[in-house]
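Going down the list, the sequences are from chains A, U, F and G.
Under my numbering, the first residue of the first sequence is numbered 1, with each subsequent residue one higher.
Under my numbering, the first residue of the second sequence is numbered 1, with each subsequent residue one higher.
Under my numbering, the first residue of the third sequence is numbered 1, with each subsequent residue one higher.
Under my numbering, the first residue of the fourth sequence is numbered 1, with each subsequent residue one higher.
None of these hints come from the bench; they were simulated from the model.
All values derive from a computational prediction rather than experimental measurement.
There's no promise every hint is true.
[As the list claims (entries may be wrong)] Below, simulated EDC-like cross-link-like pairs (lysine to aspartate or glutamate); rule was C-alpha separation at most 20 Å, straight line:
1) 126(A) - 59(G)
2) 3(A) - 59(G)
3) 136(A) - 96(G)
4) 208(F) - 504(F)
[What the hints assert, rightly or not] Here are a few chain U residues that face chain F, going by a calculated C-beta distance under 8 Å:
5) 300
6) 301
7) 421
8) 426
9) 442
10) 444
11) 447
[Unchecked claim] Label-pair distances were calculated between CB atoms; the ranges are:
12) 603(F) - 158(U): 19 to 27 Å
13) 566(F) - 186(U): 54 to 62 Å
14) 631(F) - 74(A): 16 to 24 Å
15) 567(F) - 461(U): 22 to 30 Å
16) 19(U) - 148(A): 52 to 60 Å
17) 158(U) - 384(F): 49 to 57 Å
18) 74(A) - 601(F): 44 to 52 Å
19) 215(U) - 589(F): 38 to 46 Å
20) 567(F) - 8(U): 55 to 63 Å
21) 480(U) - 506(F): 52 to 60 Å
22) 631(F) - 109(U): 55 to 63 Å
Note that beta-carbon positions come from the ideal geometry of N, C-alpha and C, so glycine has one too.
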Amino acid sequence: MEKAMFYILSGMILVFSLLTVTSRRILRAAVYLLFVLLGSAGLFFMLNFNFLAAVQLTVYAGGIIVLIIFSIMLTSHVNEKLEAAGAKKSVFSFLAVAAGAAVTLYAILNYSFPSVSDRVNDSSMKTIGTMLLSYKDDGYVLPFEVISILLLAAMVGAIIIAKREHKL
Amino acid sequence: MNILTLFLIVPVLTVIAILISRTKEQIRVSAAVGMGIQLIQSIYLIFAYLAERSRGNIDVMLFTKTWKWFESMNIQFSIGVDGISVSLIALTGIVIFTGVLTSWHVDYLTKEFFISLIVLSTGVFGFFISLDLFTMFLFFELAVIPMYLLIGIWGSGPKEYAAMKLTLMLMGASALLLVGILGLYVNSVQTGNPEFTFNIVDLSRIDLPIEVQRVFFPMVFVGFGVLGALFPFHTWSPDGHSSAPTAVSMLHAGVLMKMGGYGCLRVAMYLMPDAANEMGWIFIILTTISVVYGAFGAIVQKDLKYINAYSSVSHCGLVLFAILMSDKISSNGAVLQMISHGLMTALFFALIGMIYERTHTRDIRFMGGLMKVLPFLAVCYMIAGFASLGLPGLSGFIAEMNIFVGAFQHSETFYRVATVIVCSSIVITAVYILRVVAALLLGPIKNEEFNFLKDAVWFEKASTVILIIAIAGMGLAPLWLSELISESLNPIIQKLSLLNIY
Amino acid sequence: MESFGYTVLIPVILFFSFIFIGLAGGKMNKYLSGIIGTVSLLTVTVLSYYTAYSYFFVYGKAGGVYQKIIPFQTEWLRFSEKLYIEMGVLLDPISVMMLVVISTVSLMVHIYSIGYMKEDMGYERFFSFLSLFTFSMTGLVIATNIFQTYVFWELVGVSSYLLIGHYYDRPSAVAASKKAFIVTRFADLGFLIGILILSNITGTFDFKILTDPDGSAITQGSSVAFMGLSVMTWALILVFMGCAGKSAMFPLHIWLPDAMEGPTPVSALIHAATMVVAGVYLVARLFPLYALSAPVALHLVGYVGAFTSLFAAAIACTQTDIKRILAFSTISQIGFMMLGLGVSGYGGENGLGFMASMFHLFNHAMFKALLFLCAGSIIHAVHNNDMNFTGGLRKFMPVTHITFLIACLAIAGIPPFSGFFSKDEILVAAFEHDKFLSVVMFAVAGLTAFYMFRLYFTVFWNKDTQYQKTPHESPKVMAYPLMFLAAASALTGFIPFGNYVTADGSAVETPFHWNVAVPAVAVSFAGILLAMKLYKKESDMPAKISSSLGELYKIVYKKFYIDEIYIFVTKNIIFKYISVPVAWFDRKVVDNTMNGIAALTNFVSVKIKSFQSGQLQQYAYVMVSGMIVLILIALYFMKTF
Amino acid sequence: MIEGIGLEYFLILSTIVFFTGIYGFLTRKNLITILMSTELILNAVNINFVAFNKYLYPEKLEGQFFALFVIAIAATEVAVAIAIIISLYRRLKTIDVEKANEMKY
């Protein structure tokens with residue numbers, strides 16, 4: 001059952017990610033992206049990372065996609081068809097990408113990963129919350145703070161950049 | 001207070017004075033006063049030098065002073081002079097002062113013009129007083145950069161092209177030079193010298209391995225040689241000179257090209273004598289070509305400045321030729337030729353500038369008969385021409401004879417044949433000088449408008465007269481100058497001939 | 001022993017006269033400059049005569065031999081311990097004789113010019129250059145070393161240039177002055193190289209050491225060096241090349257006829273009497289070297305002299321320009337002098353040629369200066385150089401006529417005029433030394449008489465030309481010099497030259513050879529009679545003769561096409577096939593190589609620039625593919641290691 | 001931990017998604033689609049993090065945390081990027097990446 005689920009989800013992710021990068025209607029591409037994100041959220045659920053999956057759903061699928069869709073609305077017409085990439089560009093990009101994928105896959109398939117350990121850490125929300133604000137070993141307060149500052153800076157930056165310039 | 005530092009302080013003060021000047025008149029006067037002080041100083045330096053020598057001081061360099069500048073790499077600001085640099089400093093003093101006088105009427109961006117000019121001259125003065133290769137190089141660059149501005153902004157004709165070409169070629173040369181200097185530096189730790197050094201006096205005590213010299217001698221020689229218009233790296237000279245404003249042509253041909261000869265003598269020959277003896281023949285061939293080729297090239301030119309540029313190639317080729325002979329007489333001749341050529345080209349370019357200002361053309365095909373309307377300038381031009389073709393009593397003769405006599409002392413046939421070929425340049429020089437004199441000054445007046453030209457005004461007269469006095473003085477009483485120089489050549493020649501077994 | 005220290009004043013006075021007139025001439029009354037020049041020259045003449053007197057008659061001899069005296073010497077430029085140039089005064093028979101010649105002729109020319117140049121614009125300039133020339137010439141003859149000679153040699157060259165180009169707004173004068181300078185400069189190149197070789201083998205410039213017949217200089221450099229001749233021979237041949245240039249010997253004579261573009265007094269002074277004999281003087285100065293060390297070179301001198309003499313005499317017969325005839329006659333006569341040197345030996349009886357040559361130099365200076373000054377008077381009177389436009393002038397210009405006749409008789413070698421004595425001695429020397437040359441010289445003597453009298457008769461007799469303005473005798477200031485020189489031409493032959501001026505300083509017997517003198521005079525008379533027959537009355541005989549000679553006449557009239565050959569060499573070969581290609585090569589090849597380097601740099605940077613396209617995706621593409629390549633490389637190496 | 005599904009499966013999946021994202025990044029012209037491609041890439045990385053965490057170091061939570069941070073950073077990035085895109089749009093009236101090449105040379 002789980003196996004089947006995995007195949008379904010990964011199939012969905014693969015298909016929609018391909019559609020995302022090839023679709024010529026931008027709004028549809030955004031929606032396809034949404035499905036990719038949803039699919040990965042599903043995978044996270046399957047791996048028992050509930051919190052992460054929830055974050056994925058809310059932030060990614062909820063926040064980011066909405067933001068993207070809004071910006072699409074602001075900058076393009078919904079019905080507008082994107083011009084397709086040049087053949088040369090596509091072919092060369094595809095070659096590079098295929099080569100990259102081949103190399104990576106080759107490396108992955110040739111590498112014997114160590115055996116899986118049995119101990120399992122729980123990933124409940126409580127643990128996550130504690131660890132996120134803990135400054136002891138296994139604590140993540142520093143990255144947490146850094147991210148906070150980053151968020152703040154991004155917020156300020158986004159406002160300033162997007163602000164309409166005064167004409168001099 | 002070391003007298004030599006004054007040569008750097010005075011220009012700085014002059015530049016400050018120019019900066020705070022309000023009117024053009026003030027700018028000119030402060031430039032003239034500053035450079036006048038430089039001139040007086042440089043002449044005083046000769047006497048101070050002679051006095052010090054007569055007091056029995058037999059150091060290689062006098063008035064030396066060293067400041068640590070970049071301690072960890074042992075870069076020093078080290079100054080000092082010997083007879084060669086003293087005489088070249090005097091030359092610089094004369095040329096810059098007369099150069100300021102001839103540019104009296106520069107109206108466009110006067111302040112900037114004089115500042116650039118003075119910065120340029122500072123570079124030259126600094127170059128001649130430096131004993132440390134690093135500061136020497138620094139001053140070398142300091143002299144080249146303002147040249148770009150001066151030609152590019154105040155030039156005439158295809159000035160951007162000329163400025164670019166000149167600067168790029170000189171920069172290319174200085175790249176070679178830098179490698180050469182660094183090569184000397186990193187190889188300076190030899191027996192008897194525990195520390196890396198750029199100091200010429202220290203370096204001269206070291207016997208560099210021949211392998212090292214073989215690599216770096218051509219670099220340094222070519223690096224300085226480009227500045228000295230060594231064939232085939234001379235092509236910046238015709239374009240550069242013809243586009244440069246008068247004072248810059250004067251300074252450039254008069255002084256800057258001499259830095260090439262001085263550098264070849266002081267750095268290439270002095271510090272790397274083995275390679276000089278071993279590889280000299282290549283450069284002798286090149287310089288021989290320079291001399292004859294420049295002269296032939298000058299015969300058919302139509303632009304006055306081109307004629308002079310090619311003649312400079314020929315004369316400066318003679319300087320390098322003489323240096324390469326590694327003989328005392330001819331090296332003496334080389335230094336004399338530098339001074340002589342400096343003075344007479346400065347005079348030439350000054351006069352060409354003045355004539356151009358009146359006739360608005362430099363093409364000799366459209367001129368003629370100027371002797372009638374501009375007698376003063378015409379006579380000066382003839383004197384410059386005679387100096388250039390080596391008339392006894394003027395400076396060129398002294399220098400050329402020293403070179404020829406010295407070069408002919410070599411017992412090897414190769415050197416003698418080269419000397420004979422080089423000698424033939426005196427005939428070719430006569431041909432092109434007389435051709436231009438005939439076309440420019442003599443004959444009937446070709447252009448009706450020339451009948452109304454005005455002869456020289458006071459500052460033009462002043463600058464030409466100063467130069468002519470220097471040329472004639474050197475030509476009539478050459479002994480003291482020649483002695484001043486030849487005494488200082490001893491260490492260099494000793495070093496060259498210790499290894500020279502012929 | 002007299003110190004002779006005052007002799008140094010001779011050049012010094014002239015130098016200051018030059019400087020003073022040159023600088024201040026424009027600011028004062030123009031005639032004043034002429035007066036100043038003349039007065040200073042008068043002083044110099046007095047000094048020279050006094051020097052000559054005290055040298056020849058009072059102090060000069062020691063043990064029956066005239067000594068070389070150096071009353072003044074100062075170091076001017078030092079090359080090395082042994083090689084240095086000194087400026088000094090060297091008195092020996094030839095230099096003292098030359099001083100007399102120069103100062104006399106120059107003084108006469110100065111006086112003459114006061115009248116002749118009266119109307120001229122460049123009056124001050126003219127006199128200052130005359131002073132410069134006389135200064136340089138005296139400096140040349142009193143030189144103590146060969147380099148001093150060279151220094152003044154160049155200076156005379158330049159003053160000659162300046163004076164030929166006196167009428168600088170005439171293109172022909174400018175071209176002539178240029179030609180004179182460049183041709184002599186070319187010869188000086190040989191001279192210079194000769195000096196260099198000489199100094200190299202003997203290690204000195206000093207005449208005293210060089211020409212010491214017992215000294216080491218004579219024997220040095222006798223090893224065979226090049227093409228079967230010794231080094232010394234080559235050096236002396238090269239020095240002779242310089243002499244040939246100055247003295248207008250074939251094939252470097254081409255400048256002298258053109259030099260007649262200068263004012264006539266200048267031609268008289270420089271291009272007849274003094275400067276052109278500098279070559280003869282220099283050979284004479286180095287005579288011990290030539291005679292004892294390199295007889296081959298001396299033979300060359302003799303043969304070149306003889307050939308030039310004949311060659312120029314032949315041309316002189318065909319020319320019509322008065323001054324050009326005189327110029328070719330000068331060349332011919334200098335050839336005589338060179339021949340005299342060439343057939344001479346050193347010392348004793350053999351030294352006759354040397355002495356005769358110097359004697360002829362002396363006499364020639366007088367009568368040739370006279371001829372030129374007369375020609376000047378004629379030109380002054382009729383305003384034309386061409387003798388075909390003159391005739392019958394004897395009625396208008398008696399003084400000029402008589403003095404000209406005297407000069408012609410002197411140059412033709414008619415006794416008792418001066419030319420007879422010196423020419424006869426040269427012929428004797430040639431006869432004793434080389435029969436072939438003496439035959440040639442007899443022919444030249446005949447030709448000389450013919451062309452001189454051709455000129456004389458055409459100008460003063462012949463047809464009665466109608467002049468636009470009646471010609472008049474020259475003013476007194478011009479006539480007196482003529483008379484003085486005529487007297488000199490008539491009388492100087494009686495000076496016992498052999499007692500004074502010889503190669504080794506001791507007196508030479510001057511035997512009178514009837515078997516030479518009589519034929520010589522006969523030949524001369526024959527020439528005169530022929531000229532009289534052809535030219536005394538107007539006739540068409542000369543034209544008939546010339547046309548019957550046809551091509552031969554034309555070739556001679558065209559001066560054997562030497563000028564054309566020179567023009568071909570300079571214009572075509574040097575200008576068109578060397579200089580123009582060099583200039584082209586410089587612009588196109590060398591410069592374009594440099595520009596090409598710049599263009600290449602530029603080209604490469606343009607190409608590189610397009611990498612920086614601003615296209616985000618291009619960057620990303622390069623980054624990704626680069627990364628893949630790097631990974632592949634890393635993998636490859638990880639496997640191998 | 002999913003029975004029968006090894007780590008390799010996840011890695012293959014994420015690799016393909018990752019390179020698909022790169023492909024999109026290289027070929028799309030619209031800035032927003034490029035942005036979406038980067039989101040794909042980030043997502044692929046997230047999958048990797050999580051998979052590694054689960055399969056290799058189940059006793060730790062680093063993978064999860066980093067995935068969290070990545071999500072946070074992705075959010076900020078999108079915010080800023082969209083701000084840039086919008087101001088670019090205002091200025092150039094286009095968001096075609098090939099036309100936004102003022103930085104050329």
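C-beta pair residue 480(U), residue 506(F): status relative to the range 52 to 60 Å that was hinted: violated, 43 Å
Restraint check for residue 3(A) with residue 59(G), where alpha carbons must lie at most 20 Å apart: The hint is violated at about 23 Å.
Given hint residue 442(U) near chain F, where the shortest CB pair must fall under 8 Å: For residue 442(U), the interface hint holds, since the closest Cβ of chain F sits about 4 Å away, which is under 8 Å.
Cβ distance range 22 to 30 Å for residue 567(F) and residue 461(U), holds or violated: violated, 40 Å
Proposed interface contact between residue 447(U) and chain F, which counts if any beta carbon pair is under 8 Å: violated, 14 Å
Agreement of hint residue 301(U) with chain F interface, Cβ distance less than 8 Å: holds, 7 Å
Supplied distance hint 44 to 52 Å, evaluated on CB atoms of residue 74(A) and residue 601(F): Holds, since residue 74(A) and residue 601(F) (Cβ atoms, about 47 Å apart) stay within the stated range.
Outcome for the supplied range 55 to 63 Å, where the beta carbon pair is residue 567(F) and residue 8(U): holds, 57 Å
Restraint status (C-alpha distance of residue 126(A) to residue 59(G) at most 20 Å): holds, 16 Å
Distance restraint hint 55 to 63 Å, applied to the beta-carbon atoms of residue 631(F) and residue 109(U): Since residue 631(F) and residue 109(U) have Cβ atoms about 58 Å apart, the given range 55 to 63 Å holds.
20 Å Cα cutoff - pair residue 208(F), residue 504(F): Holds, at roughly 13 Å.
Range agreement (Cβ of residue 158(U) with Cβ of residue 603(F), hint 19 to 27 Å): holds, 21 Å
Consistency with the previously given hints fails for numbers 2, 3, 7, 11, 14, 15, 19 and 21, ordered from lowest to highest.
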